[in-house]
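So the sequences go chain by chain: A and B.
Residue numbers for the first sequence follow the working numbering, beginning at 1 and rising by one.
Residue numbers for the second sequence follow the working numbering, beginning at 265 and rising by one.
Heads up, some of the hints might be wrong.
Taking lysine-lysine and the DSBU-like style, the derived pairs with C-alpha atoms no more than 30 Å apart in a straight line are [said to hold, decoys possible]:
(1) Lys49(A) / Lys463(B)
(2) Lys489(B) / Lys180(A)
(3) Lys281(B) / Lys258(A)
(4) Lys89(A) / Lys281(B)
(5) Lys49(A) / Lys352(B)
(6) Lys180(A) / Lys352(B)
Facing chain A, according to a computed beta carbon distance under 8 Å, are these residues of chain B, among others [said to hold, decoys possible]:
(7) Ala288
(8) Asn289
(9) Ser292
(10) Val310
(11) His314
(12) Met318
(13) Phe384
(14) Asn449
(15) Val460
(16) Asn462
Every beta carbon over 10 Å from chain A, so not counted as near; a handful from chain B, in silico [said to hold, decoys possible]:
(17) Glu293
(18) Ala397
(19) Leu410
Treat the hints as calculated values from the structure; they're not laboratory data.
Don't be surprised by glycine CBs; every beta carbon is placed ideally from N, CA and C.
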Amino acid sequence: MGKLYLELIRIRFLTMLAYRVNYYSGIIIYNINIGAYYFLWGAIYGGQKNLAGMTVEQMTAYVAIAWMSRAFYFNNIDQEIAQEVRDGKVAIEMIRPYNYLTVKAAQALGEGIFRFLVFALPGMILVSFFLPFSFPSTWGAWGNYLTSLLLAFVINTEINLLTGVLTFFLFRNEGIMFAKRVVVDLLSGLILPISFFPIWAQAIMNYLPFQAINYYPSMIFAGAVGPEKAGEVILLQIIWVVILLLPISLLWRLARRKMIVQGG
Amino acid sequence: MKDIFRLFTEYLGQYFKSRLAYRANFLSELVSNLVFEVINLVFILVVFQHVSTMKDWTRDEIIFIYGFFLVPYAVFSMFFSFWDFNEKYIIRGEMDRILTRPINNLAQVCLESIAPDRIFGVITGLIIMGYAAFQLKLTFAWYDVLLFILLVISSSLIYAGVYTGIAAVSFFSDSRTGIAPMIWNIQNYGRYPVDVYNKVIRILLTWILPFAFVGVYPAAYFLRKEVYYGYAMLTPVMGIVFFCIGLLVWKLGVRKYSGAGS
Chain A
1 MGKLYLELIR
11 IRFLTMLAYR
21 VNYYSGIIIY
31 NINIGAYYFL
41 WGAIYGGQKN
51 LAGMTVEQMT
61 AYVAIAWMSR
71 AFYFNNIDQE
81 IAQEVRDGKV
91 AIEMIRPYNY
101 LTVKAAQALG
111 EGIFRFLVFA
121 LPGMILVSFF
131 LPFSFPSTWG
141 AWGNYLTSLL
151 LAFVINTEIN
161 LLTGVLTFFL
171 FRNEGIMFAK
181 RVVVDLLSGL
191 ILPISFFPIW
201 AQAIMNYLPF
211 QAINYYPSMI
221 FAGAVGPEKA
231 GEVILLQIIW
241 VVILLLPISL
251 LWRLARRKMI
261 VQGG
Chain B
265 MKDIFRLFTE
275 YLGQYFKSRL
285 AYRANFLSEL
295 VSNLVFEVIN
305 LVFILVVFQH
315 VSTMKDWTRD
325 EIIFIYGFFL
335 VPYAVFSMFF
345 SFWDFNEKYI
355 IRGEMDRILT
365 RPINNLAQVC
375 LESIAPDRIF
385 GVITGLIIMG
395 YAAFQLKLTF
405 AWYDVLLFIL
415 LVISSSLIYA
425 GVYTGIAAVS
435 FFSDSRTGIA
445 PMIWNIQNYG
455 RYPVDVYNKV
465 IRILLTWILP
475 FAFVGVYPAA
485 YFLRKEVYYG
495 YAMLTPVMGI
505 VFFCIGLLVW
515 KLGVRKYSGA
525 GS
């Protein structure tokens, strides 16, 4: 069974590899985003040394890391699920001897690995020539970052599965999927580090899974969360992984019973 | 032209019929567009809790620019919503069908993908601008309304030109290029004052992918930033030039189009 999913990850990786033009545009997008935010933050800081506990150097490094992390955890499997429900393909998928949602997650992982290796890492190395920026120095810190990033991927994928499975009930939910995407970008700390938000907003966000998607791994990478606190952060992520499993399995069970194939 | 207008009303009717079949989604799409527009505002608001100005621009000025930025984008995306042009028309071969239709092929593609719900962005933009204008105590003359309409149309033409040109690239390369999302990312930098960026990005946003003309330059006129008046007045010229370039690339593309097989 495990071998099957490994194969799915590999196939998706190879499919991504087939769209060659995508590499270049992917790397360029990555650099444009970081470059523009670099200047934007430079202008925001102006003469000030420190905002919300971060220097301008830490901020630009944070932006670069946050985008690198996003390359790995980001995927569109909710839209794929919605498409397959609408086309009726999902009926065939459901009689196949595997778990449909795990298949989707495996494909997302293949895509994530592709983006991380082909877009983010080269982009990051390129960026590190221009920006004051350092990679984690110890193996332990790398290990913590990668563990945290993998959990971030799982949490984001779970949220995507949730919004994707909603298609079974709502038939069309592009609206929710789009809203989810922008909300995740904001509340995960991609656009703004969580420490910039007002205290009351931070208090609310502590009860939401979103900062576990980007803020935690990025802070570990930046060294702002030291090795002694990293364990705690990773534990929090694991708790979210488990909590989110519940609504998914519930909705999935309902969805299978309720499925209506539209068209086909 | 008359035909196109008549067809437009027909397609509009069809659009509402098909969208209202899934009412909940229609509503949630409206809401999520609003969420998207508001989230960008959150960025500005949160940042300005920590600083008072951004390169001499105050919070309310930046908010005003953002409000302006939303308006032409809404107008453009109502009429030119063919984001999946490559997928739908080239890879799946729908373009063959388009070419057999009696009206102009670009008009046909646009009509098939109109998104009238996007027009709500105009309202959001106006509200945001209104709020900022009130805070800044801006005053407007009667002809500012006409200028506003002219500038919005010009900015929409810039979008239309750029994205038509990019969609037409699909005629030359069959595979997915991922250019459109890249341009979309760049366009979002037009809503901040260009003087925050370095020279290369400034030139890029002014002359190559002129997204400064859909946000900061025209908005600067209403903010009475005289340094940018020249650029603001150039907006209609840029709109016409870029729209023509877009049409030209489209025409060349259609001529080269040979069908993707099945």
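Tested hints:
no., hint, verdict
1, Lys49(A) / Lys463(B), "holds (24 Å)"
2, Lys489(B) / Lys180(A), "violated (37 Å)"
3, Lys281(B) / Lys258(A), "holds (26 Å)"
4, Lys89(A) / Lys281(B), "holds (25 Å)"
5, Lys49(A) / Lys352(B), "violated (50 Å)"
6, Lys180(A) / Lys352(B), "holds (25 Å)"
7, Ala288, "holds (6 Å)"
8, Asn289, "holds (4 Å)"
9, Ser292, "holds (3 Å)"
10, Val310, "holds (6 Å)"
11, His314, "holds (5 Å)"
12, Met318, "holds (5 Å)"
13, Phe384, "violated (13 Å)"
14, Asn449, "holds (6 Å)"
15, Val460, "holds (4 Å)"
16, Asn462, "holds (6 Å)"
17, Glu293, "violated (4 Å)"
18, Ala397, "holds (23 Å)"
19, Leu410, "holds (33 Å)"
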